[in-house]
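Just so you know, the protein sequences line up as chains A and B, in that order.
In terms of this note's numbering, the first sequence has 319 at position 200, counting the first letter as 1, and numbering is strictly consecutive.
In terms of this note's numbering, the second sequence has 363 at position 244, counting the first letter as 1, and numbering is strictly consecutive.
Source of the hints: derived by calculation from the structure; they are not laboratory data.
Glycine included, C-beta positions come from ideal geometry on N, C-alpha and C.
It is possible that some hints are incorrect.
As the list claims (entries may be wrong) - With a cut-off of at most 35 angstroms between alpha-carbon atoms, the simulated DSBU-like pairs for lysine-lysine come out as follows:
| # | chain 1 | residue 1 | chain 2 | residue 2 |
| --- | --- | --- | --- | --- |
| 1 | B | 436 | B | 346 |
| 2 | B | 317 | A | 436 |
| 3 | A | 130 | A | 411 |
| 4 | A | 346 | B | 436 |
| 5 | A | 223 | B | 436 |
| 6 | B | 223 | A | 436 |
| 7 | B | 130 | B | 317 |
| 8 | A | 411 | A | 317 |
| 9 | B | 413 | A | 436 |
| 10 | B | 436 | B | 223 |
| 11 | B | 130 | B | 436 |
| 12 | B | 317 | B | 413 |
| 13 | B | 223 | B | 256 |
| 14 | A | 223 | A | 317 |
As the list claims (entries may be wrong) - Selected chain B positions facing chain A (in silico; Cβ < 10 angstroms):
| # | residue |
| --- | --- |
| 15 | 150 |
| 16 | 169 |
| 17 | 174 |
| 18 | 214 |
| 19 | 216 |
| 20 | 224 |
| 21 | 343 |
| 22 | 414 |
| 23 | 425 |
| 24 | 426 |
| 25 | 427 |
| 26 | 430 |
| 27 | 433 |
| 28 | 436 |
What the hints assert, rightly or not - Derived CB-CB ranges, DEER-like:
| # | chain 1 | residue 1 | chain 2 | residue 2 | range |
| --- | --- | --- | --- | --- | --- |
| 29 | A | 245 | B | 327 | 44 to 54 angstroms |
| 30 | A | 288 | B | 259 | 46 to 56 angstroms |
| 31 | A | 287 | B | 151 | 49 to 59 angstroms |
| 32 | B | 130 | A | 189 | 57 to 67 angstroms |
| 33 | A | 247 | B | 433 | 26 to 36 angstroms |
| 34 | A | 242 | B | 146 | 25 to 35 angstroms |
| 35 | A | 344 | B | 151 | 40 to 50 angstroms |
| 36 | B | 379 | A | 348 | 47 to 57 angstroms |
Number of protein chains: 2
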Amino acid sequence: MQKTQQFVPDKNNILQASENIRDMAHVTPVMTCRTLNDMAGRNLYFKMENFQKAGAFKYRGALHAVKTLRDIPAVAAHSSGNHAQALALAARQRGIPAYLVMPKGSTPAKVAAVRSYGGTVIPCENTLESREQTLLKVLEDTGSAFIHPYDDGRTISGQATCAREFIEQAGDLDVIVTPLGGGGLLSGTALSAYYFGKYIRVVGAEPAGADDGYRSFVSGTLVTDLKPDTIADGLRTRLSELTFSIIRNYVHEVVTVSEEEIIEAMRLMWERMKVVIEPSAAVPVAAMVFRKAKCSGTNVGIIVSGGNADLTSLPWKGAPSGASYN
Amino acid sequence: MQKTQQFVPDKNNILQASENIRDMAHVTPVMTCRTLNDMAGRNLYFKMENFQKAGAFKYRGALHAVKTLRDIPAVAAHSSGNHAQALALAARQRGIPAYLVMPKGSTPAKVAAVRSYGGTVIPCENTLESREQTLLKVLEDTGSAFIHPYDDGRTISGQATCAREFIEQAGDLDVIVTPLGGGGLLSGTALSAYYFGKYIRVVGAEPAGADDGYRSFVSGTLVTDLKPDTIADGLRTRLSELTFSIIRNYVHEVVTVSEEEIIEAMRLMWERMKVVIEPSAAVPVAAMVFRKAKCSGTNVGIIVSGGNADLTSLPWKGAPSGASYN
Numbered sequence: 120m121q122k123t124q125q126f127v128p129d130k131n132n133i134l135q136a137s138e139n140i141r142d143m144a145h146v147t148p149v150m151t152c153r154t155l156n157d158m159a160g161r162n163l164y165f166k167m168e169n170f171q172k173a174g175a176f177k178y179r180g181a182l183h184a185v186k187t188l189r190d191i192p193a194v195a196a197h198s199s200g201n202h203a204q205a206l207a208l209a210a211r212q213r214g215i216p217a218y219l220v221m222p223k224g225s226t227p228a229k230v231a232a233v234r235s236y237g238g239t240v241i242p243c244e245n246t247l248e249s250r251e252q253t254l255l256k257v258l259e260d261t262g263s264a265f266i267h268p269y270d271d272g273r274t275i276s277g278q279a280t281c282a283r284e285f286i287e288q289a290g291d292l293d294v295i296v297t298p299l300g301g302g303g304l305l306s307g308t309a310l311s312a313y314y315f316g317k318y319i320r321v322v323g324a325e326p327a328g329a330d331d332g333y334r335s336f337v338s339g340t341l342v343t344d345l346k347p348d349t350i351a352d353g354l355r356t357r358l359s360e361l362t363f364s365i366i367r368n369y370v371h372e373v374v375t376v377s378e379e380e381i382i383e384a385m386r387l388m389w390e391r392m393k394v395v396i397e398p399s400a401a402v403p404v405a406a407m408v409f410r411k412a413k414c415s416g417t418n419v420g421i422i423v424s425g426g427n428a429d430l431t432s433l434p435w436k437g438a439p440s441g442a443s444y445n
Numbered sequence: 120m121q122k123t124q125q126f127v128p129d130k131n132n133i134l135q136a137s138e139n140i141r142d143m144a145h146v147t148p149v150m151t152c153r154t155l156n157d158m159a160g161r162n163l164y165f166k167m168e169n170f171q172k173a174g175a176f177k178y179r180g181a182l183h184a185v186k187t188l189r190d191i192p193a194v195a196a197h198s199s200g201n202h203a204q205a206l207a208l209a210a211r212q213r214g215i216p217a218y219l220v221m222p223k224g225s226t227p228a229k230v231a232a233v234r235s236y237g238g239t240v241i242p243c244e245n246t247l248e249s250r251e252q253t254l255l256k257v258l259e260d261t262g263s264a265f266i267h268p269y270d271d272g273r274t275i276s277g278q279a280t281c282a283r284e285f286i287e288q289a290g291d292l293d294v295i296v297t298p299l300g301g302g303g304l305l306s307g308t309a310l311s312a313y314y315f316g317k318y319i320r321v322v323g324a325e326p327a328g329a330d331d332g333y334r335s336f337v338s339g340t341l342v343t344d345l346k347p348d349t350i351a352d353g354l355r356t357r358l359s360e361l362t363f364s365i366i367r368n369y370v371h372e373v374v375t376v377s378e379e380e381i382i383e384a385m386r387l388m389w390e391r392m393k394v395v396i397e398p399s400a401a402v403p404v405a406a407m408v409f410r411k412a413k414c415s416g417t418n419v420g421i422i423v424s425g426g427n428a429d430l431t432s433l434p435w436k437g438a439p440s441g442a443s444y445n
């Protein structure tokens with residue numbers, strides 16, 4: 120497998136990434152909701168990356184990585200989700216082809232979205248081995264650069280721009296919470312909190328059904344025996360050595376939430392705040408609303424990672440409780 | 120029935136209303152979406168009143184009306200929807216009771232929302248006669264002031280604040296489009312466009328299945344034989360003499376859209392822009408995306424009236440087309 124760029128971004132890398140994506144990425148808004156504040160017992164600030172291009176923060180890392188390339192004919196990755204969409208869009212905007220290896224069984228809407236951004240979809244079996252072998256062949260055949268969704272310093276630098284922007288917008292945050300899957304967003308966020316914040320504590324929130332990050336963080340040893348079982352499809356990936364090393368050094372707490380809590384938090388956001396967010400994005404919301412984090416702090420920033428939810432089958436049942444954003 | 124305040128708001132009434140609600144109502148954001156621009160062939164600016172308190176622009180009119188009252192022990196109205204929620208919340212914030220006559224068969228979520236804002240729900244049969252008789256008794260029993268959802272100059276002044284704010288935010292709009300039900304939002308918008316805009320054309324968009332406004336506008340005579348059949352539950356009401364008189368004088372065009380177009384526009388907003396909007400709010404979006412309006416103009420403002428959608432039963436079938444807001 121082609122080497123990814125294994126480096127821990129420094130302050131300058133993140134500033135360069137911010138500059139690099141500035142002309143194309145959205146500065147997403149920050150929203151608040153009194154009802155959710157009351158539930159959490161803290162002031163919550165939501166950074167709405169569901170409004171980012173391609174519907175998720177992943178566009179930041181993909182765009183930055185693509186824009187750093189010189190004389191590369193194409194890009195490629197394996198991904199079942201938001202990274203594939205983000206990379207397809209970023210590549211199209213740079214005028215180069217993108218090859219996305221996507222396992223059979225990927226959500227049809229996400230496959231359709233990749234194609235709508237001009238990406239070439241190459242199907243594979245739904246195993247890590249098949250994904251990697253298929254990708255290897257694509258890289259050889261096309262001369263593409265491999266843009267890893269998180270195990271790459273360029274991608275992490277791009278994801279870090281979100282927290283940097285958030286700190287600038289929201290002012291004195293005591294805590295920032297992000298979802299934890301492969302660790303790209305969490306590690307980038309932790310680096311930005313360290314470089315650009317004032318004593319910000321960083322919390323990773325993970326589904327209990329995909330808790331390799333939690334177990335790694337608590338034990339101090341990278342856990343790789345992940346058998347994910349969660350509705351949060353963006354968080355079914357496992358940490359890499361690179362993201363784990365950053366998380367160990369810069370993250371203050373990792374917490375887990377149940378499937379019921381994820382679904383309830385997702386519904387609260389749709390119902391009260393009138394925003395479409397995907398299950399993975401509801402994970403840090405659940406962590407705060409259901410008071411999972413031990414760390415103190417009044418002003419809490421939550422990165423709402425994406426909005427590419429399946430609009431044909433909603434995960435809740437019964438009538439919503441009905442009240443509105445206020 | 121207690122008299123409503125039958126006056127056509129002037130510039131000063133609208134400025135007073137803006138001042139009156141300023142400390143409590145949200146200044147809702149304006150959003151854009153390139154995909155929808157391409158479909159419409161114009162630049163669309165969306166004024167997101169789904170993010171307003173109580174989930175709809177109705178809060179503006181209700182709050183203004185409630186705040187103009189002196190020495191009134193309570194307020195009351197009949198409404199099956201957003202006006203009931205808005206009035207309940209506005210009354211609670213002023214520390215007075217609100218009595219809402221709601222027909223049996225109202226969406227349970229909306230009834231629950233009214234109660235969550237502290238409103239007292241009084242059920243009635245689902246006929247205009249039962250609604251009015253039940254309300255009359257409530258007014259007599261409680262000494263409440265009747266706050267009509269649209270047939271009242273105070274309510275219209277409040278709704279007009281939305282377009283005034285929109286013009287300030289979005290700059291040179293050529294056209295503003297709103298949904299048309301009872302005509303409170305459309306008439307308020309037309310007055311604000313006249314007083315605060317520069318040659319802005321105002322378009323009302325109505326479901327073909329509840330087209331009393333269209334028929335009234337075209338014929339010049341108020342049509343009252345409405346038998347509404349539309350998913351846009353907020354637009355099943357009919358014009359009043361007051362709103363019709365304003366619409367005749369200040370609105371440039373009224374167009375209708377089909378149920379299929381409403382549902383498709385609603386889905387586009389959820390899917391591409393990641394925002395929860397209700398069917399009524401999708402009506403002006405449908406009018407622009409499906410190119411119903413004859414009036415020229417590049418920069419088009421759309422008032423996205425509310426977000427109180429039923430989150431348990433979505434109106435579309437099959438997989439969404441999948442791409443995202445960009």
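Hint by hint, here is what the structure shows:
no., hint, result
1, B:436 / B:346, "27 angstroms, holds"
2, B:317 / A:436, "48 angstroms, violated"
3, A:130 / A:411, "30 angstroms, holds"
4, A:346 / B:436, "32 angstroms, holds"
5, A:223 / B:436, "23 angstroms, holds"
6, B:223 / A:436, "23 angstroms, holds"
7, B:130 / B:317, "15 angstroms, holds"
8, A:411 / A:317, "23 angstroms, holds"
9, B:413 / A:436, "43 angstroms, violated"
10, B:436 / B:223, "28 angstroms, holds"
11, B:130 / B:436, "46 angstroms, violated"
12, B:317 / B:413, "19 angstroms, holds"
13, B:223 / B:256, "17 angstroms, holds"
14, A:223 / A:317, "45 angstroms, violated"
15, 150, "8 angstroms, holds"
16, 169, "5 angstroms, holds"
17, 174, "3 angstroms, holds"
18, 214, "17 angstroms, violated"
19, 216, "18 angstroms, violated"
20, 224, "14 angstroms, violated"
21, 343, "32 angstroms, violated"
22, 414, "29 angstroms, violated"
23, 425, "9 angstroms, holds"
24, 426, "4 angstroms, holds"
25, 427, "6 angstroms, holds"
26, 430, "5 angstroms, holds"
27, 433, "7 angstroms, holds"
28, 436, "8 angstroms, holds"
29, A:245 / B:327: 44 to 54 angstroms, "46 angstroms, holds"
30, A:288 / B:259: 46 to 56 angstroms, "52 angstroms, holds"
31, A:287 / B:151: 49 to 59 angstroms, "22 angstroms, violated"
32, B:130 / A:189: 57 to 67 angstroms, "59 angstroms, holds"
33, A:247 / B:433: 26 to 36 angstroms, "34 angstroms, holds"
34, A:242 / B:146: 25 to 35 angstroms, "48 angstroms, violated"
35, A:344 / B:151: 40 to 50 angstroms, "46 angstroms, holds"
36, B:379 / A:348: 47 to 57 angstroms, "39 angstroms, violated"
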